[in-house]
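**Student:** Letter by letter, the chains look like this.
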Amino acid sequence: MGMIELTDICKSYGRGPESVQVLKNVSLTVTRGDFVAIVGPSGSGKSTLMNLIGLLDTPTSGTYVLDGVATQHLSDNQLAELRNRKIGFIFQQFNLLPRLTALENVELPLIYAGVGKSERKERAKRLLESLGLGERIRHMPNQLSGGQQQRVAIARALALSPSLLLADEPTGALDSKTGAEVLELMIRLNEQGNTIVLITHDPNIAEHARRIVSIRDGQIVDDRRNAPEPEPVAKRVMHA
Amino acid sequence: MNALELVAMAMRAIMGNPLRTLLTMLGVIIGVASVVTLVSIGRGTTAKIEEQYENLGTNLLVVNLMGNGRATQLDYDELMELELLPEFEAISPTVVRGNANVKFEKTTETFNVVGTNDRYISIMKAEIERGRFIVPADSEFRNTVAVLGSEVAQTLFGNANPVGQQINIDGIVFTVVGKLKEKGSNIGGTSVDSSIFVPLKTAQRAYRLGGIRTTYIEAADENMVETAESTITQFLTYKFKSSDGFRVLNQSELLNARKTASNTLTNQLISVACISLLVGGIGIMNIMLVTVSERTREIGIRKSIGAKRRHILTQFLTEAVVLSGLGGLLGLALGIAVSMCWPLFNPQQTTRLSLDIGVYAFLFSLLVGVVFGLYPANKAARLRPIDALRFD
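One line per chain: the protein sequences are A and B, in this order.
Counting in this note's numbering, the first sequence runs from 18 upward without gaps.
Counting in this note's numbering, the second sequence runs from 5 upward without gaps.
Hints in this document: simulated from the structure, not taken from any laboratory.
Please note: incorrect hints may appear among the correct ones.
Said to hold, decoys possible - EDC-like cross-link-like pairs, simulated, lysine to aspartate or glutamate; straight-line CA separation at most 16 angstroms: (1) A/Lys134 to B/Glu54; (2) B/Lys263 to B/Glu9; (3) B/Lys383 to A/Asp93; (4) A/Lys138 to B/Glu9; (5) B/Lys205 to B/Glu9; (6) B/Lys107 to B/Glu155.
All values derive from a computational prediction rather than experimental measurement.
Let's have the full structure, built from the sequences with the hints guiding it.
**Tutor:** Right, dumping it as structure tokens:
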């Protein structure tokens, strides 16, 4: 059973004759422990696909099973809980809350999961330390460099040891050197057993993934492997 | 996240823009401050009225004769016979010479001179400080003796003992036989403290004052007030063959009427202040709506990492309630300060602060926050994560 099972996914915006179909019968299965890059030019439908995989949006038709949970008929609150527990988002613009410190940003998903104060501080601190940000836990996002901000965002994504890391152009706002560092970090996270889906328009970045899925005009046009499918291993979390 | 953390988080969000926060709270601050101030002024006024009421006793009737001429003359001895009836405790008829020139050595001052009998002092609940009050014999022999109110004594004699001194009242020499203790409150414009008391018949003859104008009557007890009132009314109606020409004022009814009037005014003012609170709530709602649209992206981020509707709802509702509650506390402080300073600028008025109204005003401001924060918070909670994240 795959971590992600998308079957005949269609997504269109608007109704009637003027509706625009963005995704056309997309089916995709992502294995546990895999590192999949979804590449495509802008307007190809890759962002829509990422929103659907991230449970931020719902498909017009088709089914989506995430880590064994059918998501079709879930309520807003159930979707929120799934996002909280199973998905770690990494955004192009980092999306840290500007008025919270690095530590508080990492704590946020733990707060929504109902983790107690002392435990959540401890976990957030350990995560930041493991990502080399131990000295910066009290800094506000605007006191950190782009690379540091993205590492805080990655720590936040990892806070609840999610089943899936979903990265949307994670290096898009970074210079090439820090971009490469972040990419290396993601490769390392994958080696440690995390399932990663990375969305990018840049084929060079996609090359670092084990599997590359190309999308164009709302359909998968190419699907190839760079590295063998991972052995089914027990998922490990980074700081374990 | 517990309530304390929620409030701390809301405080941080609110303090991000202190000026806006202050302006937003202003409506609630003014509303709560006015309610607290108005209630304390209202209660102070009521307390003052009650104090006067107690000072006068609950059993006092005042009879005023308004007509002129023989038909409405009242004979002293005839009036005093009524005292034998069980419903009457004491009767004190008076005649007044207003603004008499009173002279002692080189000091001349104008005071009211009241001609009355020995009952007056007990009916008015006044007390002798030195010497004695008028006795029945004074009136009988038309003695030229005078008892001074505390203010009169202070003006003419300072702190010296006035008893035994001679004063000249409009050309007639009186011997001072007593001085009253300070009484403070006054009734019907006549202050005991600034009056001189002489025997009724002495005053009538010396100043040609003629008939009795005002009579103070003390009923036997509280339950006898109405009986006494009807007896005296019947007596006067029979005597004057008409119910015109005199008025019987029941002091407790009069004071109740005054209290009611004062309370009505206070309540109306409080309603106006409550409108200000309501307007303050609308101001909070307005700013919360602005806040929600400014922070759409934040809401999107929070939702994407797992915030449920209730998390977002609680967050923004807490902000609204903290905003209005803080306004309520500041308003409370302002209201207390104004209430305490009020009598300094308005010496006639007293204020009475009470804890209950402060608590109510604060709770009401919290309620305003909940009511007016609910719509914006719900709007925030209902945002779809995808729309909120796309927002820039």
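**Student:** If a hint holds in the structure, say so; if it does not, say that too.
**Tutor:** Cross-check of the supplied hints:
no., hint, in the structure
1, A/Lys134 to B/Glu54, "56 angstroms, violated"
2, B/Lys263 to B/Glu9, "48 angstroms, violated"
3, B/Lys383 to A/Asp93, "15 angstroms, holds"
4, A/Lys138 to B/Glu9, "13 angstroms, holds"
5, B/Lys205 to B/Glu9, "82 angstroms, violated"
6, B/Lys107 to B/Glu155, "15 angstroms, holds"
In this structure, the earlier hints numbered 1, 2, 5 are contradicted, and the remaining ones agree with it.
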